[in-house]
Amino acid sequence: MRLEQAVGAVLRAGVTISSACMVIGLLVVLAGGEGDTARVLLHAGIIILLATPVARVVVSIVQYVTLRDWTFALLTAIVLVELAASAIAALVFNRRL
Amino acid sequence: MPVLTPALTFIIFGVGAASGALGALLGLGGGVFFVPFLNLVLGFPFGAAAAISLTTVIATSSTVSAGRAGKQLINLKLGMLLEVATAAGSFLGGVTAQFVSQSVLQKMFGFVAAAVAAVMLTRIRRRNVILDPSADPGVLGGRYYEEESGAEVTYRVKRLPLAVGASFIAGNVSSLLGIGGGIIKVPVLNAWCGMPLRAAAATSAFMIGVTATAGAVIYYGHGQLEPALAAAAVLGVQLGSWSGMRFGAGASAKWLKVMMAIVLFILSAMMFARGGR
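Protein chains in written order, with my numbering: chain A, 1 to 97; chain B, 1 to 277.
These are calculated hints, taken from the structure and not from any lab test. Careful, some of the hints might be misleading.
[To be verified] Restricting the straight-line Cα-Cα distance to at most 20 angstroms, the calculated cross-link-like pairs of lysine to aspartate or glutamate (DMTMM-like) are:
hint, chain 1, residue 1, chain 2, residue 2
1, B, LYS77, A, ASP69
2, B, LYS77, B, GLU152
3, B, LYS77, B, ASP136
4, B, LYS158, B, ASP136
5, B, LYS77, A, GLU4
[What the hints assert, rightly or not] Some chain B residues close to chain A (C-beta under 7 angstroms, calculated; not the full set):
hint, residue
6, SER65
7, GLU83
8, ALA87
9, VAL210
10, THR213
11, VAL217
12, ILE218
13, GLY221
Glycine is no exception: its CB is placed at the ideal position from the N, C-alpha and C atoms.
Input sequences plus hints: build the corresponding full structure.
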């Protein structure tokens with residue numbers, strides 16, 4: 001049961017923090033604030049949102065290693081590698097621009 | 001790309017809320033409504049529409065799964081196994097999306113929307129549950145409390161390679177078109193792989209967070225994701241799916257599905273018309 005609880009906690013925390021950043025960031029933008037604060041908050045909200053599923057995968061790997069379930073530790077590690085590949089592709093596209 | 005104004009932010013919030021509510025009522029992500037609205041009505045480039053939609057998919061997946069984790073309905077093991085395939089599909093889709101022309105993507109969307117509508121109209125409702133509490137679910141099967149029968153039910157997963165293949169395609173379609181991909185996985189898992197509909201839908205909703213992240217990161221890196229609009233969309237969808245789940249339980253699912261199928265056929269035709277030019 002520990003895996004389910006850990007996964008639930010990571011997802012809940014990620015959604016709460018990223019939504020909070022987005023709400024405040026948007027309110028600052030709508031209030032006419034054009035400074036860096038709003039941009040930073042909005043980007044932080046997006047990045048935390050994107051990082052939440054990644055964090056969930058990391059937590060799962062740790063849990064499967066603790067349980068000595070090597071098959072699933074390996075499978076979830078592959079998912080993490082695939083997410084890393086996407087992040088690398090993102091950086092490659094970013095540099096090209 | 002439309003200019004960022006407060007009015008546009010509010011419109012996107014509202015559209016997000018409407019798609020989120022429809023999505024929750026129908027058990028779909030709202031992306032299938034969101035992408036065409038941004039692309040056809042507001043004039044966003046297809047990639048920018050898909051990018052915004054994918055961020056809402058991640059938010060929906062995380063919110064819904066956080067509430068459900070621990071309730072046994074999500075099959076974590078099967079989900080994590082199939083994620084290997086969806087994330088690979090999604091990565092490849094995200095990379096190819098940067099090179100495929102908008103008209104090809106619009107035609108693909110038209111095709112998928114029509115397929116979704118057809119599936120919705122002929123929705124297979126196979127139960128797939130074993131009522132014997134001592135039945136062995138196997139390594140990948142599951143057991144959960146089912147309200148309809150008021151008991152613990154068990155199911156076994158069959159034809160795993162098919163589930164893996166469907167997940168790969170779902171991942172691919174997800175990042176190319178900006179939708180969650182549940183519309184491909186759920187019917188396959190339910191009709192051929194032995195999963196009860198509710199468990200298939202919950203497991204799919206759990207997986208699409210990872211699927212959409214693999215795609216969304218690429219759009220974000222490419223600079224196709226406008227943070228303020230994505231934030232408005234995410235918050236709108238959160239509000240919409242919350243109210244959809246809270247107030248929509250009593251709505252007549254049958255009429256809703258027929259209406260949505262009609263809307264999807266129209267969207268599909270519009271996408272074909274636009275993509276054909």
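Hints breached by this structure = Nothing - there is no hint that the structure violates, so all of them hold.
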